[in-house]
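Given chain B, put chain G in place with the hints provided.
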Amino acid sequence: MTLKTFGFDQFGFLLFSLQWTILLTLIALIGGGLLGFAVALARTAQLKPVRIAAATYIQVIQGIPVLMILFLSYYGLSLAGFELPPLFAAGASMTIYASGYLAEIWRGCIQAVPKQQWEASESLAMTRLQQYRYVVLPQAIRISLPPTVGFAVQVVKNTSITSIIGFVELARAGQLINNATFQPFRVFLAVAALYFVVCYPLSQLSRLLERRLHAGSSR
Amino acid sequence: MSYTFQFGVLAQYQDQILSGIWLTIKISVLSIILGCAAGIVLSSVRSIWGGAVRFLVDAYVEIIRNTPFLVQLFIVYFGLPGLGLRVGADTAALIGMTINLAAYSTEIIRAGIEAVHKSQIEAGEALGFTRFQIYRHVIIVPAIAKVYPALCSQFVLMMLASSICSAISTQELAASAAFIESQTYRSFEIYIAVTLIYLALALALRAALALIGMWLFGRRVARRAMTALPEVQA
Chain B
11 MTLKTFGFDQ
21 FGFLLFSLQW
31 TILLTLIALI
41 GGGLLGFAVA
51 LARTAQLKPV
61 RIAAATYIQV
71 IQGIPVLMIL
81 FLSYYGLSLA
91 GFELPPLFAA
101 GASMTIYASG
111 YLAEIWRGCI
121 QAVPKQQWEA
131 SESLAMTRLQ
141 QYRYVVLPQA
151 IRISLPPTVG
161 FAVQVVKNTS
171 ITSIIGFVEL
181 ARAGQLINNA
191 TFQPFRVFLA
201 VAALYFVVCY
211 PLSQLSRLLE
221 RRLHAGSSR
Chain G
3 MSYTFQFGVL
13 AQYQDQILSG
23 IWLTIKISVL
33 SIILGCAAGI
43 VLSSVRSIWG
53 GAVRFLVDAY
63 VEIIRNTPFL
73 VQLFIVYFGL
83 PGLGLRVGAD
93 TAALIGMTIN
103 LAAYSTEIIR
113 AGIEAVHKSQ
123 IEAGEALGFT
133 RFQIYRHVII
143 VPAIAKVYPA
153 LCSQFVLMML
163 ASSICSAIST
173 QELAASAAFI
183 ESQTYRSFEI
193 YIAVTLIYLA
203 LALALRAALA
213 LIGMWLFGRR
223 VARRAMTALP
233 EVQA
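So the protein lines, in turn, are chains B and G.
Throughout, the working numbering is defined as the position within the first sequence, counted from one, plus 10.
Throughout, the working numbering is defined as the position within the second sequence, counted from one, plus 2.
In isolation and in its complexed conformation, chain B is listed as follows (with noise of 0.2 angstroms):
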């Protein structure tokens, strides 16, 4: 038996299975994000008890670890009696884990809008799914740009806990690499600059969004 090294086609493994980190990390963008939309409209809606159900999903998303939401998924979906294939477990604890964060961001995107804003499209008649739709949604969704790409990057690391229930994903093509050719350092550092060429670009980009926001303010 000869032992593989960590070469082109190692590599080109972990090129494929970034794919599959990038399709998760869309569908709890996606996910979450119309999820996440429905709860920070509830937290910021007129009914009391709607936006304190809101803020306790919120509070118990942010207060349990992803890791948790996943192995419940896991095991809820099955305990259900769904036979379904981890990238189903996967994909649905990433939207529920996104929703919890990025409600959470937009709940204060939408509260930023001066009152002013509301008070003036209120007398102008507007009704409440009016407001949304033409005064407060458009600025709000401004203000929304640089956080809420800042938190992709969140959520493309965190995909990497997935593979702690075999989704074959990028952190999980490292570690059976790993497992075949027995170089730890080289190939979880491959597996580290394949995540940083993905996550930085996007980190510069909230900064970049966040700063032109800002162009216009004293400081």
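Worth flagging that the hints you see were computed from the coordinates, not collected in a lab.
For each residue, glycine too, the CB sits at the ideal point set by N, CA and C.
Take these hints with a grain of salt, some might be off.
Stated by the list, open to error - Which residues of chain B face chain G? A partial, calculated answer using Cβ under 10 angstroms:
hint, residue
1, Val70
2, Gly73
3, Phe206
4, Val207
Okay, now just chain G, sitting in the frame of chain B:
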């Protein structure tokens, strides 16, 4: 669905759960102390010396913040022995958490330092403060007070992320859960119970940090620390 929940089995494994909780608390508290101290030192030398030191500190911060904690743990636990440094799972967890938290603390405290107004420093000079006194009373302490809520959020996130250390066989709370699961196959009950324990730990840590904040910086800062949710660092 005809599944009956049996939380009763958990009682037999009380010892495993308690020892897991204890190790989670231990590595979290130690890494918070070490990581925060490193963050204060690194953000200070970065702003004082500038030049190559600033470049190196910034590079460290960016590298850590743009790679997953799990991969950092793998490098420490599986990679370092290849370089002749063999570390146990607990030590590797502590090293990984400290390295990770140091980078985030540096970034957060840097923002606090940069928010200190020049006029404040000039006022300190006008009062005849020495450079060290200015650094201590005008720059670093107000800077930390300003970013204390963000720091607290990061500490809580680190405590929660310590669960990932179970992947390198550190026997903390998540690993206890996995062990009990392998013995009883009562996976859902165990993970619900352990999730609730983590939630309680997060609330307790937040309350403890708020008390420390009250003692260090007064009531106003502490109240912000209690309610602040994790800020996403761009």
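Structure-based check of all given hints:
no.: 1; hint: Val70; in the structure: holds (7 angstroms)
no.: 2; hint: Gly73; in the structure: holds (4 angstroms)
no.: 3; hint: Phe206; in the structure: holds (5 angstroms)
no.: 4; hint: Val207; in the structure: holds (9 angstroms)
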